[in-house]
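Visitor: What follows is the residue order along each chain.
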Amino acid sequence: MSNDQYILAIETSCDETAVAIVKNERELIANVVASQIESHKRFGGVVPEIASRHHIEQITITLEEALQQSGLTMDDMDAIAVTEGPGLVGALLVGVNAAKSIAFANQKPLVGVHHIAGHIYANRLEKEFEFPLLSLVVSGGHTELILMKEHGSFEVIGETRDDAAGEAYDKVARTLKLPYPGGPQIDRLAAEGEVTIDFPRAWLENGSYDFSFSGLKSAVINRLHNAKQKGEVLRNEDVAASFQESVVDVLSTKAYQAAKEYGVKQMIVAGGVAANKGLRAALQEKFEDLDTELLIPPLHLCTDNAAMIAAAGAVAYNQGHRAGWDLNANPGLDLEMYGARKRPE
Amino acid sequence: MNILAIDTSNYVMGVAVVKNGVVAGEYITNIKKNHSIRLMPAIDQVMKETGTVPEDLDRIAVAHGPGSYTGVRIGMTTAKTMAWTLGIPVVGVSSLEAVARQGVFFNGYVCPFFDARRGLVYTGLYDSQMELVKEETNVLMEEWLHQLKALRKPVLFLSQDMHVHESMIRDILGDKAWIPDGPYQYARPSIIAQVGETMNPDPLHELVPNYLRIPEAEAKWLEQQGKK
Ligand SMILES: [Zn+2]
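Note that the protein sequences, when read in sequence, are chains H and F. Mapping of the first sequence onto this note's numbering: residues 184 to 528, in sequence order. Mapping of the second sequence onto this note's numbering: residues 245 to 472, in sequence order.
The calculated lysine-lysine pairs, modelled on BS3-like cross-linking and capped at a C-alpha distance of 30 angstroms, are:
id	chain 1	residue 1	chain 2	residue 2
1	H	K354	F	K464
2	F	K292	H	K291
3	H	K411	F	K471
4	H	K291	F	K277
5	H	K443	H	K332
6	F	K472	H	K224
Don't read these hints as lab results, they were simulated from the structure.
Chain H with its partners taken away, still in its complex shape (with noise of 0.2 angstroms):
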């Protein structure tokens, strides 16, 4: 018998199919990506219907691949982790069902992991954790700075308002006639263009780490539709780079106020956004002065995938966590509830 441990993990929230295996905590075996981008693309975005009916096409094949991949068997693994939300709930159900079922069948725990606690924990595979440290969460639903003093424990300091910062670039990404997704569109475009446009930035009250982008994303748009109308001609790459630079300015200000504020050792930028370089080169330029450390992920880990929940499950299942076979889906987990859920003695 080894004493190394091995945490098998699956993620259907949104439109990847994902399978992962981690050992020790934070070493990644195995990582398969199912992804099913090319068929939303149609839609312009993810059908919710959809999404499901890809999930349950591809999950035994999913879970195969990553089996063969890691070179280890059922028997081998010590837990089954799986994310039980936030997320499309019909998306949801496939994995947290299928995970119950592989759970059920080889009689091994099972531990339910929110989303977001993953991408945080994404990091964790390529640096260990030093607490307390912040995390920035950008991503298509999310634009949150979240506290953690120590492991499996989360403080929400600031959220958005109303739209995810992806959201924005999604729409604004769509008002440019842009293919879906939007967000790496804008993201090469900007690189390409010139800050010619003085959008807002929402600060909202002083000291207060809460986003709001709804505003931009309306100026953004009045912006073209009155260029429209006076016949003016505006670069779509330099729109991007003047709407980028807005979104990342308020982003890596609050980020980096909240990292002094809280005297944290790391800040770890997470969610599918942190793959944009313009938000990476920002940030990077920021925390210059700071003693904290940034730390962001590789973009294989940035994007939706199941190395993250097993990661962020291997530390739930270490501190006790375990789900009963009624473990549901649950599209509106709560962060800071799901870190505060009880755990055994």
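On the provided structure of chain H, position chain F with the ligand as indicated by the hints.
Guide: Okay, now just chain F with the ligand, sitting in the frame of chain H:
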């Protein structure tokens, strides 16, 4: 052969363990409660009480639809994943056929159906040998009933959603319509096991629900493509 049968395709949830043709245990509920929360505890209970451990299973049979999209997926994901991890075959059985078999002794046609909202039903027509006389379809109930009337034969109607359509059935079919009491209106998971025992197993990775309907977004998209 030890078979685990699962049905969550509609409000009726069923789990059965059938051992060498003997129904060892069967659990059925007809309540509007979440299948995702209740399915695995039900499987756990039926397996425990029948003294069955997962390794004892030789095959899993599952109702593959039609029905509620989400409901069908809960049962199918469970059946498919469990069969995969246990390395045993899985078979998908029609949710309509499972209901139709409650009328196997009826002398005439058997019409199982599930309500699909806005006047639509999922349905099909079976003869007393349980052969399909009319393919499974998603159709307006009114239109379907006129098709059945034209056959001029007694039809036994079976459905958990009988209350939604009963008066129209009686109006259109008159004395050709037969509607039995409650206990005959629901699919039994042991029947799914019985049907699944003789069928050829499905290629596991390819087993998907029989939705009988494409997603709304896809239908709209196809319509737009047609206009271009
Ligand atoms: Zn995500």
